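The listed protein sequences correspond, in order, to chains A and B. Quick note on numbering: the first sequence equals residues 4 to 117 in our numbering. Quick note on numbering: the second sequence equals residues 3 to 119 in our numbering.
Calculated from the structure, these hints are not laboratory results. Small disclaimer: the values here were computed from a predicted structure and weren't measured. One thing to keep in mind: the hints can contain errors.
[To be verified] Between beta-carbon pairs, the in silico distance windows are: (1) B:70 <-> A:21: 44 to 52 Å; (2) B:47 <-> A:30: 29 to 37 Å; (3) A:117 <-> B:43: 39 to 47 Å; (4) A:79 <-> B:82: 39 to 47 Å; (5) A:71 <-> B:44: 24 to 32 Å; (6) A:8 <-> B:84: 39 to 47 Å; (7) B:84 <-> A:12: 23 to 31 Å; (8) B:18 <-> A:113: 29 to 37 Å; (9) A:76 <-> B:18: 43 to 51 Å; (10) B:12 <-> A:87: 23 to 31 Å; (11) B:31 <-> A:41: 36 to 44 Å; (12) A:6 <-> B:70: 28 to 36 Å.
Built from N, CA and C at the ideal position, the CB exists for glycine as well.
Single-letter residue listing:
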Amino acid sequence: DAGVIQSPRHEVTEMGQEVTLRCKPISGHNSLFWYRQTMMRGLELLIYFNNNVPIDDSGMPEDRFSAKMPNASFSTLKIQPSEPRDSAVYFCASSPRTGTRGYTFGSGTRLTVV
Amino acid sequence: AQSVTQPDIHITVSEGASLELRCNYSYGATPYLFWYVQSPGQGLQLLLKYFSGDTLVQGIKGFEAEFKRSQSSFNLRKPSVHWSDAAEYFCAVGAGSMNTGFQKLVFGTGTRLLVSP
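Sequences are here, hints too, so could you generate the full structure?
Quick look at the structure:
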């Protein structure tokens, strides 16, 4: 099992540019989560999907953020336009069924917006 | 709302000494509780979890945790710390949805463990 795969591992972009983060969950896991980690705010849940359907996006900070899950094996988190305050580590996690057994996290994408 | 408190921002323990990391949760129903560990530059790895039954749960890497409902606590312990245990540790509670039965994890702010020689 390859685990949850995120790409890229690091992203440096200029303010105003569009950024797309990618995630491939573990095969057979039908719940997917996007988290953001910063020193100031810790781990924040941005959005989660169940069976490719967004269940709760109340953690998405602004309209500049959007997430999609077109199929069971792929999800994207897009920021457009990006701002310096978006700099953080973004984690994707997946779990089987309803998430009651804990999540498996990817290694994260470190985003720096200059 | 569900919440998790980890009162210690960082803890330093000598190698070979015992460890206890504190976690208190706030949740109205029977909680699902988790401990994760994060090494620098890495994602979070699940150490152990509690759903029901025996209140003392065993995890990987020699860690254990005890659920105490009366104290709303789920403290993580290890009898003898190794230098490789230096990392950040996160406690989390599974917050369920009445409508979907779905659990999302609410994390504490983490405790950074430093291990001295």
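Hint by hint, here is what the structure shows:
1. B:70 <-> A:21: 44 to 52 Å: Cβ of residue 70 (chain B) to Cβ of residue 21 (chain A): about 48 Å, so the range 44 to 52 Å holds.
2. B:47 <-> A:30: 29 to 37 Å: This hint is violated: roughly 19 Å between Cβ atoms.
3. A:117 <-> B:43: 39 to 47 Å: violated (20 Å)
4. A:79 <-> B:82: 39 to 47 Å: holds (44 Å)
5. A:71 <-> B:44: 24 to 32 Å: Taking Cβ atoms as reference, residue 71 (chain A) and residue 44 (chain B) lie about 26 Å apart, which means the hint holds.
6. A:8 <-> B:84: 39 to 47 Å: violated (29 Å)
7. B:84 <-> A:12: 23 to 31 Å: For residue 84 (chain B) and residue 12 (chain A) the Cβ distance comes to about 27 Å; the hint holds.
8. B:18 <-> A:113: 29 to 37 Å: holds (34 Å)
9. A:76 <-> B:18: 43 to 51 Å: holds (45 Å)
10. B:12 <-> A:87: 23 to 31 Å: holds (27 Å)
11. B:31 <-> A:41: 36 to 44 Å: Hint violated: Cβ distance 30 Å, outside 36 to 44 Å.
12. A:6 <-> B:70: 28 to 36 Å: holds (33 Å)
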